[in-house]
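Colleague: Sequence:
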Amino acid sequence: MKPRSGYANTPFGDVHYQILGEGEPLLLLHRSPRSSRDWFRLMPILAQHYQVIAMDTLGFGQSDPLPEDVTMEMLAASVDCLLESLDVSRANVFGIHTGNKIAAALAHQFPDRVEKVILCGMIHSIIDDKSQRNTAIKDIVDLYFLPDQGSEDGSHLLRRWAVAFSELSRSWWNTPTLSKGHITEDDLEHFRLEVVDSLQAYHSKRSIYQANFDYDFGAAIREISAPTLILELCVPEEEHLGRNGNHLLTVMQNAQLSVMEEADGDVVIFRADEVADMICTFL
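Here the sequence shown stands for residues 1 to 283, numbered as in the numbering used here.
All the given hints hold, so there is nothing to weed out.
Just the calculated beta-carbon pair ranges, DEER-fashion:
id	residue 1	residue 2	range
1	His203	His182	33 to 39 Å
2	Gly154	Ser225	50 to 56 Å
3	Ser85	Gly23	16 to 22 Å
4	Gly154	Cys280	48 to 54 Å
5	Leu249	Pro11	31 to 37 Å
6	Ser151	Asp69	22 to 28 Å
7	Arg170	Phe145	15 to 21 Å
8	Ser85	Gly242	37 to 43 Å
9	Ser151	His49	51 to 57 Å
10	Thr135	Thr184	33 to 39 Å
11	Ser179	Phe145	30 to 36 Å
12	His203	His49	35 to 41 Å
13	Glu185	Phe145	33 to 39 Å
In case anyone wonders, no lab produced these hints; they're calculated from the structure. Even for Gly, the Cβ is constructed at its ideal location relative to N, Cα and C.
Just need the whole structure built from these sequences, with the hints factored in.
Modeller: Pasting the structure below:
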């Protein structure tokens, strides 16, 4: 079954979306620098139970560019406009990484729009203390903040271009996966879509991560009244940050926790069945 797609006009720009399935609405909010293509494995599974709405955040995929001085609050408002245009009065919401910030902002600002919300992310992504979270993600995104100016010959632009090429190379030739001994068509399709998304997001990466740095995720989640699932993704490389899921249960109004071990953001691709089961069980 092929999703139907369209565009919703919002005050912040046109938002591209895909819809698959019937039933209770379930909105998927992707990580950066991805798009609704990131759900190509998960969406058909969930569509057996829900009307799945996968949107491209402004600045990504086929949506319009990011607004100037974008904030997570703006992006949440664009999501509210999208749901309004689709005559969806209330929806369940799943957000991963950047998507979990937009989901939190949506549930905070537009509580009547959100039925239940799932905030999914690796340890660094769900730290509620703003300064600690920014420190944790700084090394991950530092390369996106190379100076815009600094050389008359344009070499500063070439440095940014080289970073983009390096990122594309890692996506195209993903050594850990390609050397595992068994490659599937889905593996290669994932890498192809990741490359396309990265190219389309070239001008948006710095702005979306600046909005992430500026957003007070911790303050927002404390105000969320909707039933919430924290889905914490854990890898050994981040254990030094300290797992944060159990702490979030103590500061949120109506939350529960699930944990996936040996899991990074690619769980939505390579462990889509498990993620779908967790989503369906919670909802």
